[in-house]
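Residue numbers (our numbering), protein chains in the order written: chain P, 1 to 252; chain L, 1 to 416.
It is possible that part of the hints are untrue.
[Claimed, not checked] Keeping only pairs whose Cα atoms sit at most 25 angstroms apart, straight-line, the calculated DSS-like set for lysine-lysine is: (1) LYS118(L) with LYS205(L); (2) LYS205(L) with LYS150(P); (3) LYS150(P) with LYS37(P); (4) LYS65(P) with LYS403(L); (5) LYS331(L) with LYS221(L); (6) LYS205(L) with LYS65(P); (7) LYS315(L) with LYS361(L); (8) LYS359(L) with LYS125(P); (9) LYS21(L) with LYS126(P); (10) LYS266(L) with LYS126(P); (11) LYS65(P) with LYS118(L); (12) LYS114(L) with LYS21(L); (13) LYS205(L) with LYS266(L); (14) LYS403(L) with LYS125(P); (15) LYS126(P) with LYS58(L); (16) LYS126(P) with LYS108(L); (17) LYS114(L) with LYS65(P); (18) LYS118(L) with LYS207(P); (19) LYS205(L) with LYS37(P); (20) LYS207(P) with LYS359(L); (21) LYS115(L) with LYS150(P); (22) LYS150(P) with LYS118(L); (23) LYS114(L) with LYS125(P); (24) LYS403(L) with LYS126(P); (25) LYS266(L) with LYS37(P); (26) LYS125(P) with LYS331(L); (27) LYS205(L) with LYS21(L); (28) LYS266(L) with LYS125(P); (29) LYS412(L) with LYS65(P); (30) LYS207(P) with LYS115(L); (31) LYS403(L) with LYS59(P); (32) LYS118(L) with LYS221(L); (33) LYS125(P) with LYS115(L); (34) LYS205(L) with LYS126(P); (35) LYS205(L) with LYS135(P).
[Stated by the list, open to error] Footprint (simulated), chain P over chain L, 3 or more residues, beta carbon under 8 angstroms: (36) 1–10; (37) 84–95; (38) 139–151; (39) 245–256; (40) 391–397.
Quick caveat, the hints were computed from the structure, so don't treat them as lab data.
Built from N, CA and C at the ideal position, the CB exists for glycine as well.
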Amino acid sequence: MDILVKPGSHVQWDWYKSHEGREVIMSIMHRNLHQRKVFGLLERPSFPPHLAPEEYRFKIFVCGKSGVGKTSTISKLSGNEVPSIHSETPGIQTTEVYWPVKILHEDKVVMFQLQFWDAGENALKKFDHVLPACKDQADAVMFVFSFVDKSGFEDLPQQMSRVIEPQDNICRFIMGTKYDLHAHSEITQRDIRDFEQQWRTPVLRIKNITDYRQTELRGDLNEVAPILNTICEHLWHREQILQGRYSIPVEV
Amino acid sequence: MAAYLLCLSAGGGVPLFTRTKGDLKPLPFPVIGSLNGVHMFASTHDVSLLSTTTVDAKVVWKVFHDSITLILVSRDDNASDSHLQQLIEKVFLSMVLVYGLDDLTNIKNIERFKKEIKVCFKLVDSLLDQADLDTFSDLTDSVDVVLGPENSILQEYLDAFVEAAASPYGCLLVWGKVAVATRKWWSLSSVELVLLSLLVNSLPKCSARDIPIFLPHGSPKVPHRLLTFQLVQGVEVCVVCGPTPSLAELQREVDRFWRTAFEYLKSSTRIHPRNFPTSILTDQSILGFILINRESHRCLCTVEPMEEDSSRQGKTMSIYRRREILRAFYKSVVRTIFTPPQSDMDSTETADTLHTRLKHKALETYIVSETHKCFAMNTNPYELYVLYSIHIPTYALRSTTTKLLSSLIKEKTMQV
Ligand SMILES: Nc1nc2c(ncn2[C@@H]2O[C@H](COP(=O)(O)OP(=O)(O)O)[C@@H](O)[C@H]2O)c(=O)[nH]1
Ligand SMILES: [Mg+2]
Numbered sequence: 001m002d003i004l005v006k007p008g009s010h011v012q013w014d015w016y017k018s019h020e021g022r023e024v025i026m027s028i029m030h031r032n033l034h035q036r037k038v039f040g041l042l043e044r045p046s047f048p049p050h051l052a053p054e055e056y057r058f059k060i061f062v063c064g065k066s067g068v069g070k071t072s073t074i075s076k077l078s079g080n081e082v083p084s085i086h087s088e089t090p091g092i093q094t095t096e097v098y099w100p101v102k103i104l105h106e107d108k109v110v111m112f113q114l115q116f117w118d119a120g121e122n123a124l125k126k127f128d129h130v131l132p133a134c135k136d137q138a139d140a141v142m143f144v145f146s147f148v149d150k151s152g153f154e155d156l157p158q159q160m161s162r163v164i165e166p167q168d169n170i171c172r173f174i175m176g177t178k179y180d181l182h183a184h185s186e187i188t189q190r191d192i193r194d195f196e197q198q199w200r201t202p203v204l205r206i207k208n209i210t211d212y213r214q215t216e217l218r219g220d221l222n223e224v225a226p227i228l229n230t231i232c233e234h235l236w237h238r239e240q241i242l243q244g245r246y247s248i249p250v251e252v
Numbered sequence: 001m002a003a004y005l006l007c008l009s010a011g012g013g014v015p016l017f018t019r020t021k022g023d024l025k026p027l028p029f030p031v032i033g034s035l036n037g038v039h040m041f042a043s044t045h046d047v048s049l050l051s052t053t054t055v056d057a058k059v060v061w062k063v064f065h066d067s068i069t070l071i072l073v074s075r076d077d078n079a080s081d082s083h084l085q086q087l088i089e090k091v092f093l094s095m096v097l098v099y100g101l102d103d104l105t106n107i108k109n110i111e112r113f114k115k116e117i118k119v120c121f122k123l124v125d126s127l128l129d130q131a132d133l134d135t136f137s138d139l140t141d142s143v144d145v146v147l148g149p150e151n152s153i154l155q156e157y158l159d160a161f162v163e164a165a166a167s168p169y170g171c172l173l174v175w176g177k178v179a180v181a182t183r184k185w186w187s188l189s190s191v192e193l194v195l196l197s198l199l200v201n202s203l204p205k206c207s208a209r210d211i212p213i214f215l216p217h218g219s220p221k222v223p224h225r226l227l228t229f230q231l232v233q234g235v236e237v238c239v240v241c242g243p244t245p246s247l248a249e250l251q252r253e254v255d256r257f258w259r260t261a262f263e264y265l266k267s268s269t270r271i272h273p274r275n276f277p278t279s280i281l282t283d284q285s286i287l288g289f290i291l292i293n294r295e296s297h298r299c300l301c302t303v304e305p306m307e308e309d310s311s312r313q314g315k316t317m318s319i320y321r322r323r324e325i326l327r328a329f330y331k332s333v334v335r336t337i338f339t340p341p342q343s344d345m346d347s348t349e350t351a352d353t354l355h356t357r358l359k360h361k362a363l364e365t366y367i368v369s370e371t372h373k374c375f376a377m378n379t380n381p382y383e384l385y386v387l388y389s390i391h392i393p394t395y396a397l398r399s400t401t402t403k404l405l406s407s408l409i410k411e412k413t414m415q416v
């Protein structure tokens, strides 16, 4: 599914910094406001009743070569500690990420529950049940490349066609990891823009490093908020299309 | 414990991977080559080189299935060689657990193997972690448990849940230690019990997992699936099953089967870091202990038996130091003074250990140092190793240890 919407088309971008936004964000943060809470499957963020947002759940399959940074990216997005040593992920691991956004047109707050599915490359090749389990009822696929590997970037179109069929109605995202090393990158901003336009797919960027100066709430959230906003906005847009609400997309 | 672990192909001596623990420089290639070379030289002369000791380090070698050589270099702690031999054995079995015996003993493509074997790094690293771990199972060959007052209720929830998974194998981990498990789970070999808990604890935090595993004793060549679900923070339920149900299918059942257990699960997490109920009173001078049941393959360990009030903090021994001392004490006693535990690993027992020369079985031993005292007691099937502060009179060590043991094992509803 080709979706490329302009940032801020559905989602109020800096809402999490507003007074109302902070109140909702508190529900996913530890009391010290430095760290996000981890929720077990039986746990949910809790809100004062007047704030209780609608909940939407989406499944996102994260795929890409071994060592490209899939597991680190999910740790970063979920507020978990980013593993410092590379170890191939055995089998499948799933991670729930809660992210509240303000939907502009409807003036309502929606809590997105994003379920990321991560599978080691080895497990995908060796065990037949892994790929179908990851793709089953997925709402989106995130294709991961790293900014230090140009050939991986160039391989993205093939990778996309291998994993998704055109009729799948699946949302696509591209995630570029190791953006902190992008000074050494042969991939230019121009390449990224061209790719987005040609494939009508948003390209996100992430630095999966722990920056010790950023111990404040703002530090962690400022990094992940634009990424999570983009993901939620595209999933929201897809939802509207699937329900036949948008005849003319608000795309760029 | 600073250590190097080297893995080479047994045939060609090609380095497959190395792991280091602690702040060590990587071993230069020629050193790796010589370490392997001396072992190969010996074997071409029909000599098996098992171990050696240098000024400050100890080296052990072991070849597995003529396919893989493991070499472990570690600081010499004056303990019996057999502890390192057990460790190297466990490293191999953990490779079997996540990678499978067939692919380990039949390496067709070395480059591919090097990439794929990374899948076991987290587990192998945790075996080298030693006192950095807050469990002792890697050392005691019995799995860490917690004795929570909620355990008997949680057992019912677990039994119902595994039935939904159409699998008899299930366990509930509270902060990485077994709170309850099904009867079948307890029938796994002690190494399997230990490695499964360690595996779950060594992997990055997440909500659910579906991991192919090869049970080193039960099914080393045919994979099963280990499914885990984080119910509440600190509590994970694990199930070992066959091709069905899928991860998503079983995850849909989680809410139905566990929702009403929510409060029990929450309160079970509060047993940490004491790991046994406050209703069992312990002496002030106890800084930590390891209690092992050799029959059930379980151990109950703690280094925080009492809530330290903040005014005392800094004055008492650090948590890390307590673990370190308990580990060292255990190693100095087991397989030297005490007879070795029955183990399901084929270990090469070195002949010159004290217990083989003793005419009787030693049942108790103790040490007194400038900073602490330790007492160990062996009353089949239990072994108890206790770390005491320096303030306890030496004559009281024995009676206090006996009292601790009887209060820990008298509870009929919660058993180690
Ligand atoms: N500098 C840097 N390193 C990264 C980044 N993302 C991942 N890494 C490193 O790349 C290696 C592989 O990451 P991992 O997430 O395990 O890859 P996966 O196999 O795709 O799951 C690890 O050593 C990470 O520390 C990043 O954004 N910047
Ligand atoms: Mg990974």
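- Query: Given the hinted pair LYS205(L) and LYS266(L), is their alpha-carbon gap at most 25 angstroms?
  - Reply: 18 angstroms, holds
- Task: Could you grab the alpha-carbon distance between LYS205(L) and LYS126(P) and see if it respects the 25 angstroms cut-off?
- Result: 24 angstroms, holds
- Item | Pair hint outcome, LYS403(L) versus LYS125(P) [Cα-Cα no greater than 25 angstroms] | 56 angstroms, violated
- Query: CA of LYS315(L) to CA of LYS361(L), is that 25 angstroms or under?
  - Reply: 38 angstroms, violated
- Hint consistency between LYS125(P) and LYS115(L) [alpha-carbon to alpha-carbon, up to 25 angstroms]: 13 angstroms, holds
- Straight-line alpha-carbon gap LYS126(P) to LYS108(L), limit 25 angstroms: 15 angstroms, holds
- Is LYS65(P) close enough to LYS403(L), meaning Cα to Cα at most 25 angstroms? 57 angstroms, violated
- Regarding the pair LYS266(L) and LYS125(P), is the alpha-carbon distance no greater than 25 angstroms? Distance ~38 angstroms between LYS266(L) and LYS125(P) Cα, so the pair is violated.
- Does the structure keep LYS331(L) and LYS221(L) at a Cα separation of 25 angstroms or less? With a Cα-Cα distance of about 33 angstroms, the restraint between LYS331(L) and LYS221(L) is violated, given a limit of 25 angstroms.
- Query: With a cut-off of 8 angstroms between beta carbons, are at least three residues of the segment 84–95 of chain L near chain P?
  - Reply: violated (count 0)
- Given the hint that LYS359(L) pairs with LYS125(P), test it: the Cα-Cα distance must not exceed 25 angstroms. Roughly 57 angstroms between the alpha carbons, so the hint for LYS359(L) and LYS125(P) is violated.
- Message: So if I understand the rule, the pair passes when the alpha-carbon distance is 25 angstroms or less; does LYS207(P) with LYS359(L) pass?
- Response: With Cα atoms ~64 angstroms apart, LYS207(P) and LYS359(L) exceed 25 angstroms; violated.
The structure is inconsistent with the numbered hints 2, 3, 4, 5, 7, 8, 9, 10, 14, 15, 20, 24, 26, 28, 29, 31, 36, 37, 38 and 40, although it conforms to all the rest.
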